[in-house]
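*Asks:* Single-letter residue listing:
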Amino acid sequence: MTDRPLIYPNELPRPAGELEALQAAWKLPRGWRILSAVNNTVIGYFYIGTALLFFLLAGVLALLMRLQLAVPSNTFLSVETYNQIFTMHGTVMMFLFAVPAVEAMGILLLPQMLGARDQPFPRLGAYAFWAYCIGGLIFFGTLFFDLAPSGGWFMYPPLTGSEYSPGMGADFWLLGIGFIEISAIAGAIEIIVGILRTRAPGMTLARMPVFAWTMLVFAGMIVFAFPAVILATIMLELERAFGMPFFIAEKGGDALLWQHLFWFFGHPEVYIIFLPAAGMVSMIVATMAGVPLVAYSLIVVALIGTGFFSFGLWVHHMFTTGIPPLALGLFSAASMAVAVPSGIQVFAWIGTIAAGRLKFNTPALFVLGFLFIFTLGGLTGVMVAMVPFDWQVHDTYFVVAHFHYVLVGGMVFPLFAAFYYWAPAFSRTQLSEQLGRWAFWLMFAGFNIAFLPMHLTGLLGMPRRVYTYPADVGWDELNLVSSAGAFLFALGVLVFLLDAVRNLRPSLTETAGNIWKAGTLDWINNELYGLRSVPIVTSRDPVWDQPGLEDDIEAGRYYLPFTYSGGRETIVTATMDARPDYLLRLPGPGWTPILAALFTAAFFMLLTAKFVTVAFICGILAVTMMLVWMWGSDPAPLPPVDIGKLVVPTYRSGPDSHSWWAMVIIILVAASLYLSFVFGYVYLWTVTPQFWPSPDALPAISKPLTAAALILASSLLLFVGGRWLGQKLGLSVMLLLAALAMWGAIALTLESLWRSGFRPFDDGPSAMAYLALILQAQLALPLTVMAGFTLARQLTGKLDPVRRNVYDNLALLWHYAGAQALLGLALVHGFPRMVG
Amino acid sequence: MRHVPTGLIVLFAGLLAGCQAEQSALAPHGDQATEIAKLAWLLFAMAGAVLAIVLAAVALALHAPDRVRKRLAGSPAVIVGGIAFPVVVLTFLLVYGLSLTASESRGGTADLRVEVTGEQWWWRIAYPGQNGESIRSANEIRVPVGANVEFVLKTADVIHAFWVPSLGGKVDMVPGRTNRLTLRAEREGIYRGQCAEYCGGPHAWMGLTVVAMPAADFADWLEAEAATSLTPADDGAWAGRELFLGAGCGGCHTVRGTNAAGSIGPDLTHFGSRRSVGVDTLPLSPENIARFIEDGQHIKPGNRMPPFRIFSGTELAQLSNYLAGLK
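Sequences listed follow chains H and B, in order. Residues 1 to 836 (the working numbering) make up the first sequence, in order. Residues 1 to 327 (the working numbering) make up the second sequence, in order.
What the hints contain is simulated information worked out from the structure, not anything from laboratory work. One thing to keep in mind: the hints can contain errors.
Cut-off 25 Å, straight-line C-alpha distance, at most; resulting in silico cross-link-like pairs (BS3-like, lysine-lysine) [said to hold, decoys possible]:
id	chain 1	residue 1	chain 2	residue 2
1	B	Lys70	H	Lys359
2	H	Lys728	H	Lys798
3	B	Lys154	H	Lys251
4	H	Lys359	H	Lys517
5	H	Lys517	B	Lys70
Simulated coverage check for chain B against chain H, where a stretch passes if three residues somewhere in it have a Cβ under 8 Å from a Cβ of chain H [said to hold, decoys possible]:
id	segment
6	81 to 94
7	99 to 105
8	126 to 134
9	155 to 163
10	168 to 179
11	217 to 230
Positions of the beta carbon are idealized from the N, C-alpha and C atoms, including for glycine.
Could you put together the complete structure from these sequences and hints?
*Replies:* Here it is, written out as structure tokens:
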């Protein structure tokens, strides 16, 4: 407990009209125009609603499967339908429910929890949501046209290659999911920059709520994990569409390469889903026990540790593929080590419960249910990390039971706890305690009745992904029980829905408020603009420890109780110590994000359906929409502003700018993708050496050296151009020459490969060499568009030595692309020479 | 089950009712399966203990006197419960698990080598024969009891996994690779296996049978299996043979000793001596053979054999009698 501050940033009374101006700047678009909203609260509602819709849809698929499996030799569903349904169940639950649901909670809660007025890139957030919503609905719709993928959510080739899956289903998976992952990455960028740069003054990293820590680790893991599967989907789609044989053994590809890339993403994915849920649990436990979280620092260390370890476990999905025992041992050890951070969190929660007095309400019940289910799931996780045990239970119902305990226990139960917990912060009334208890006990009982027997079903030899089973093997009763449990669980979800319909009254102005007596900023009255004034935070639980905080915030005594420019604004603070840095002007409602999302979705889906021309028109429209919205960003600097006895600038460039951080994260994404490619290249060399080109078959060394010189020249030209910001001719010429040099290097490398007789569809190594170029072009295309944009800004006088973020961000990505191209050249032209 | 402490047997007696089936990791009949079952019971016991400790800690945190709760509520308790405790348990398990992995990966010297190739959705099988030739069969593997049998595992198309739970763990069959798995059946019996890696379509019906028999019987059987097909015993069967060859069945199937030499589908030279039709979907009988020929797409939907509805009732009976007679 600290005392009330003696001096506040702003004096009372506040001038007349100040609040009205703030409200006007953050006004919600009326009626159907709400679709143009970009504010995090509105987008957050939509986001959670959509994620919940996909949870219900994928849940219905699960019930259909349980009906089919209730009795042996059932013919309720055909083979093909069942195969599509189990593929969609897994895919939708993982990509369209679990990740978006926790991302949505982040978008909705983080600005409130951190004391920001909004996310730092509202339009990007809106775009990410709409892309996911539109793309996801179309993807799910393929089920109704018998066009859904049927290769499993893991999509192992060669089963999913064009030979064994000739239909469009696999393409819908590859392009649809690839695209939704891009949306997840966009959300992750938003979340990272939001957490690192828009925390309330004084909220140092050590004072940040644990939920924000989990979202930071979550978003960081997305940045490093998702690119691997994006690369894999690009490769498989290239194989399917153009015959580049990345995964075809007889042509020097390898089916296991997919599995490595997929699980390098797939295992972190589990923690990507679990960590934010654990963060929600940490928030709820502390509130319901009425005491600060025990062992906060240990929990933060555990979160970061989990993030790291989770990237070293992927091979434990491949213990039966014939991998040598030494590798098995390493990955087995890593898989067990990851249990330790979870142990820390479990005992920290238990310690927190012990430190206070737990209120036995619905959120607490869901948390206790989570503790039981998740612990059991963790224990079976240790079992499957034991290699010989895994040889038996891998791909059986034991594993189905295990990961449902981890995912439903570790994510769905906390999410429902969160719904009951945070509803009063967003709704006029809280959800019903009575219905909540019914929902909990039905879900808890149903879940265990459904999934506990599956452990045994698996040990009795029942494999996964079977659409039916024979009667005489001894699985009949167990399956019937599981099916009954599944319906009981569904009944619990129905009770929740009933509760939501009856009691959830979302409101942006009047909410039930802090009924649990929680200690964090998200419980202080939040309008669309967030808090009335942005407080100075001196504690981890400011509402508990800073007396009068709520009243002072509401009275406008803290920072920025007004709008300076007349538009939306938030305070950007320093990464570590959250000292106010500058005033960020934020965009208001607009149609470009939703339109861009619509056209992006159309581009990918039409491309899948092979309407190439229309697809590309939509693609160009999508880019146009983005350019339109980007044109309005990077506004001209205004005079510095006094936000409350503190004068801050309204414009920053370089590492001080929030946009610089976003670009650095984009570069990390691109680098992860490229490193996955480098891994794939070297990996293929180790497994198919007989297909490797001999050094003398490669293009003469002068070719890649010339290309390298062009790349260096391109970067140099761009750098020199940066010296001439504001001089129209100089920068224009430099941009043009730099772009020419960049494309020249690509063209030269392409020509030299082709002339030397390499064809992308001949064999794995050749396909890889061309893939390096494709990945380079994938950067060169947006860079060219960005260069054109920079040129346009220059010619219209929107770029000068001060107002330079557009150029700086272009230069960052440009130099990165050059470095990546050099690495590619060294790999494709140097590596075979070095080892051959 | 022999290695399991009596207490556990009593405890799990109810559950174990289902474990007597021939496809269960908990009813081991081979060395590897026995070792893994031992490990499994150890893991269950430890998991049970850990779960009990965690639940007890939760109960104490909720209801214990303040003195006890104060002890739970601090970093030291988190370090003991969340770090020290799991590290000790996990280290023990890891050492045990790794040594078992190493010993089971070695396999030992092979007394017999059987090549199994996964196909959508059946198993091509080859035993070593005279003069380096192999003896071809399908879907049912016979092995001598007590022999170390090395399974050489390949695939002709997509990824499959070879798994006979009562004998040991599973190993994937990956394109372009050859994996090996050594199993030893401890006693006579019929053990069911199944493809464990999703391979599309009727993956659910890609069953497999392993028959473990005394070494002498196995030698006799292998000799018979190496021989060409039996000459039909009666006129009906002769007519069936003509129908088989006339209808083009030989385009996909081989019956050694006839013109039928197709290699797309299972070898039928000694089909009548196997236990099932349609890769473990129906018990072998002339009636079931007839059903599969006419209506295989309902019995095993999606399988590669098109329905043959060109035969009259008599013809179908003759054809299936001929096939059932291929002992």
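*Asks:* Against this structure, judge whether each hint is valid.
*Replies:* A quick look at each hint next to the structure:
At roughly 18 Å between alpha-carbon atoms, Lys70/B and Lys359/H fall within 25 Å of each other, so this suggested pair holds. Restraint check for Lys728/H and Lys798/H: satisfied, since their Cα atoms lie roughly 11 Å apart, inside the 25 Å limit. This hinted pair checks out: Lys154/B and Lys251/H have alpha carbons roughly 17 Å apart, not beyond 25 Å. For the suggested pair Lys359/H and Lys517/H, the alpha carbons sit about 11 Å apart, so the restraint of at most 25 Å is met.
Taken as a hint, the Lys517/H and Lys70/B pair is honoured in the structure, with Cα atoms around 23 Å apart against an allowance of 25 Å. Residue count for the segment 81 to 94 of chain B with a Cβ under 8 Å from a Cβ of chain H: 9. That meets the three needed, and the coverage hint holds. For the segment 99 to 105 of chain B, the proposed coverage by chain H is satisfied: 5 residues have a C-beta within less than 8 Å of a C-beta in that chain, meeting the threshold of three. Only residues whose beta carbon comes within less than 8 Å of a beta carbon in chain H count, and the segment 126 to 134 of chain B has 0; fewer than three means the coverage is violated.
With 5 residues bearing a CB less than 8 Å from a CB of chain H, the segment 155 to 163 of chain B meets the requirement of three and the coverage assertion stands. A count of 10 residues in the segment 168 to 179 of chain B with a Cβ less than 8 Å from any Cβ of chain H is obtained; the coverage claim is therefore met, three being the minimum. Three residues within the 8 Å Cβ limit are the bar, and the segment 217 to 230 of chain B against chain H gives 0, so the coverage statement is violated.
Hint check: violations occur at hints 8 and 11; the rest are consistent with the structure.
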